[in-house]
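> Here are the chains, one letter per residue:
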Amino acid sequence: MKPLLRRYTVVLVAMAVFVVFLVLLPVYQGQALEILSFQTKTLLLVIPPIFVLLGLLDVWVPRERMIRLMGEGSGVKGVMLAFLLGSFAAGPLYGAFPVAAVLMKKGASFTNILIFIGAWSTTKIPMLLFENSALGTRFTLARLAIDIVGIVVIAMAIKALLPKAEVEELYRQAEKLG
Amino acid sequence: MDTFILYLAAALCLAWSFAKSRGKTRIALKKAWKSFENILPQFFVVLILVALCLSVLDTETISLVLGKDTGVWGVLAASLVGAITLIPGFVAFPAAAALMQGGAGTVQIAAFVSSLMMVGVVTLPLEIKYFGKRAALLRNLLAYIFSLIAAVWVGWVVRL
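Chains as they are written, first to last, in this note's numbering: chain A, 1 to 178; chain B, 1001 to 1160.
These aren't lab readings, by the way, just hints derived from the structure by calculation.
Here the structure is a predicted model, which means the values were calculated and not measured.
Glycine residues also receive a C-beta, built at the ideal position from the N, C-alpha and C atoms.
Some hints here could point you the wrong way.
Calculated lysine-lysine pairs in the DSBU-like style (CA-CA distance at most 35 Å, straight line) [what the hints assert, rightly or not]:
1. B:1034 <-> B:1024
2. B:1020 <-> A:164
3. B:1133 <-> B:1020
4. B:1133 <-> A:176
5. B:1129 <-> A:159
6. B:1020 <-> A:159
7. A:176 <-> B:1024
8. A:164 <-> B:1133
Some chain A residues judged to face chain B by a derived CB distance under 7 Å, without partners named [claimed, not checked]:
9. 122
10. 134
11. 157
Just need the whole structure built from these sequences, with the hints factored in.
And the structure:
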């Protein structure tokens, strides 16, 4: 564990930029603070249950089972599971990253991890229902259809383009982060 | 609503875990806290970046980009705005619906919605922390290109 101050250097820099921004452009002050408090509330609301579920997953699901379900060679079943996990999720995309880290730690394949991230970003069921009522069934279904194809294609493309050593490094890192 | 289900799921799993083993539950919660604390600096940075971006790119500015049927440039602008911003669906969808009723192009709206969901420029610090620079940038780039393709496709299907 790095010293606290070093870990939070970026935060301090960002905060300084934020303060300078508020001072130089007072027009945006109200809005910036309002958005900051809204986003902080969203984060504090959504993140705790996700991390609790992650901790439980980490402790209770044996690595062998996760490898069988979503690991290399889990085939179509693994892909379906990745889609389902992502689609039943709740919360903004940044909630998916810590989940992905734990799944990696447990031995899910890299392609399935990427599919999971893609599903969390666009095929979440509550969001689809919302999109359907706001923008229409034709719009929503057309987007869903191409999204499912796109998620798989993007996952396979990243897997193909990323050097193997780097993927292995990411898995090692997930051990520490998850 | 989905947040409520999330809490319900977490509470039920926690109760089940606690009934099965107190010790394991304690370890699980400790792990949960550790991995949360680990990523907290990145969360703070993302929050500040979001506040900066969204205060400049407010709903009115976004409407200006999406509101007119501006052709290819409009689609590109819409997708860029979607890529940078981080707006929850329950705000974005009604806004998009209102714009569409106001005469905005389907392709523009689809480009905005797709890149809003798949591409996250302001959340990059978080994504990089978990996936490394190369994978995170690659995913966002591919997702951006894809959101343009998806927009054209959705526009075509809706017009059929």
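> State for each hint whether it applies.
Here is what the structure says about each hint:
The straight-line distance between the Cα atoms of residue 1034 of chain B and residue 1024 of chain B is roughly 15 Å, inside the 35 Å bound, and the hint therefore holds. A threshold of 35 Å between alpha carbons decides the hint, and for residue 1020 of chain B with residue 164 of chain A the separation of about 40 Å lies outside it, so the pair is violated. At most 35 Å may separate the alpha-carbon atoms for a hinted pair to count; residue 1133 of chain B and residue 1020 of chain B exceed this at roughly 41 Å. Note on residue 1133 of chain B and residue 176 of chain A: the hinted pairing holds, with a Cα-Cα distance of about 17 Å set against a maximum of 35 Å.
Under the criterion of a C-alpha separation no larger than 35 Å, the hint pairing residue 1129 of chain B with residue 159 of chain A is consistent with the structure, at around 18 Å. Proximity of residue 1020 of chain B to residue 159 of chain A is assessed by CA-CA distance (about 39 Å); at most 35 Å being required, the pair is judged violated. For a cut-off of 35 Å, the pair hint linking residue 176 of chain A to residue 1024 of chain B stands: about 19 Å separates their Cα positions. Between residue 164 of chain A and residue 1133 of chain B, the direct Cα distance comes to roughly 15 Å. Compliance with the 35 Å bound is thereby established for this hinted pair.
For residue 122 of chain A, the interface hint holds, since its Cβ comes within 7 Å of a Cβ in chain B; the closest pair sits about 5 Å apart. Look at residue 134 of chain A: its Cβ gets to within about 4 Å of chain B, closer than 7 Å, so that hint holds up. For the restraint placing residue 157 of chain A at the interface with chain B, the shortest Cβ-Cβ distance is roughly 6 Å, inside the 7 Å limit, so the hint holds.
Hint compliance for this structure: hints 2, 3 and 6 are not met, and every other hint is.
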